[in-house]
Amino acid sequence: MAEKKRITAPIDNEVVESLRAGDEVLINGTILTGRDAAHKRLVEAIEKTGESPIDLNGQIIYYVGPAPAKPGYVIGSAGPTTSVRMDAYSPFLMEKAGLKGMIGKGSRGNDVIEAMKKFKAVYLVAIGGAAALISKSIKKSEVVLYEELGPEAIRKLEVEDFPAVVINDAFGGDLSKEGIEKYKR
Amino acid sequence: MKVIEFDTIVNEVKNLCMKANYELPDDVKKAFDEAIKNEESPLGKSILQQCVKNAGIAENEKVAICQDTGFSVFFIKYGDIGINGGNIYDAINEGVRQGYQEGYLRKSILKDPLLERVNTKDNTPAIVHLELVEDEILDITLAPKGGGSENMSKIAMMKPSDGVEGVVKFVVESVAGAKGNPCPPTVVGVGIGGTFEKVAFLAKKALLRPIGEHNPDPKYAELEKRMLTEINNSGVGPQGLGGRTTSFWVNIETFPCHIASMPVAVNLNCHASRHAHVRL
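Chains as they are written, first to last, in our numbering: chain W, 29 to 213; chain G, 5 to 284.
Next up, chain W with everything else stripped away, as it sits in the complex:
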């Protein structure tokens, strides 16, 4: 396998365009978390006020609802949740709020794939179920919005060499489709 690419989040179009489906990346910097309930609230807030209650420009959202942190831990186990449930919200957040990256598991629908091409964004997967291992790359965790949602609250995470694989790039590349095709019998 080729060398892993290190990127620093938040990211801009230049970083987005440097990534290709199949690239293994190590993410550093800060990313946000959000899943079903937080996405619904963000979209409703933007529709109502015209702006996002949290700056999403250049941000990467990690679809995760972590387990509670044990004493002495930064965060509990924190693997990705199924991304397709966020499909209804992602194109809107790319268009209206400048979202540049998403991390989850599983494939995305055509609307999201088209929006990634149009608004320049990438979709990556982290290994679903490797939640204890992934949590080791999270160095700081802070709830920044919707605390009342518990595991579904929006957190800001400081990450060091967070491992992920690019599934969809901004040019229509799709590792999920290509990978399955390659090993089909």
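No wet-lab data here; the hints were simulated from the structure.
Be aware that a few hints might be false.
Estimated spans, in silico, between C-beta atoms of each pair [to be verified]:
(1) W:Asp83 - G:Gly90: 48 to 54 Å
(2) W:Lys205 - G:Val122: 34 to 40 Å
(3) G:Asp166 - W:Val102: 48 to 54 Å
Residues from chain W that keep clear of chain G, each with C-beta distances beyond 12 Å, as calculated [to be verified]:
(4) Thr36
(5) Glu45
(6) Arg48
(7) Glu52
(8) Ile74
(9) Thr77
(10) Pro94
(11) Tyr101
(12) Ala125
(13) Asn138
(14) Leu173
(15) Glu186
(16) Gly200
(17) Glu206
(18) Tyr211
Which bits of chain W does chain G cover? Going by a derived footprint, with three or more residues having C-beta under 8 Å, they are [unchecked claim]:
(19) 82-92
(20) 105-117
(21) 140-151
It should be emphasised that the depicted structure is a prediction, and the values quoted were computed from it without experimental measurement.
The beta carbon of each residue, even a glycine, is placed where N, CA and C say it ideally should be.
Using the hints, position chain G against chain W.
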């Protein structure tokens, strides 16, 4: 009749919650070792190795294998016993409450499914399947069920004329069509027969049979093997990124069926195919 203290059950259930979520069962560990040997995709192999590493961290540090510590689904064999101080449902829910709190496990249950969707904050209520048995035993199996794999379940009221080919096609397409969503490699539970609700229960119960153990009926054992081969020929692979290992195993459970019917259900466990068991 044997008498069991309410608090004893609470305590055992609490421990089961932690054990099930921290420790991968031996049959699953063995399945990973086999899959790593056979996986042709370099990325797939690397994913499987990281899952094994993850399970090691979880077991050693006593943290959750997966952040989704699931709906607490219990299969209880309730024999000729009495409970001193309360009933079985309350004991289980209290055990779940304590286990998820003390074990730093995620609470994932919402009080209302549609209108409110507010978290109950203690992972209750549990789902309890009671089976009455004759011996003086209380046998408790906990199978925490993650949402990602559960969401990929399928049920079909098939026509008897669809036959074996129809059933195989439905099962294989259900698993392959789920792609990376249920966190493959999965364990596949298949229910055939019974009624609408019975067949869903059979598919879930099928997930309890260990990897490596086939249906005792050789004809259904053959069908399990055929389904597994066809599922793994789909190329979906670990995490749906391509490879040889889409599923570790297929378990079929059957029940007698109405002359007009042929219900089929598919329920999936993610690669962290968790369960823990105790007999009192």
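Against the structure, test the hints numbered earlier, and report the numbers of the ones violated in rising order.
Per hint list: 7, 10, 11, 17, 18, 19 and 21 violated.
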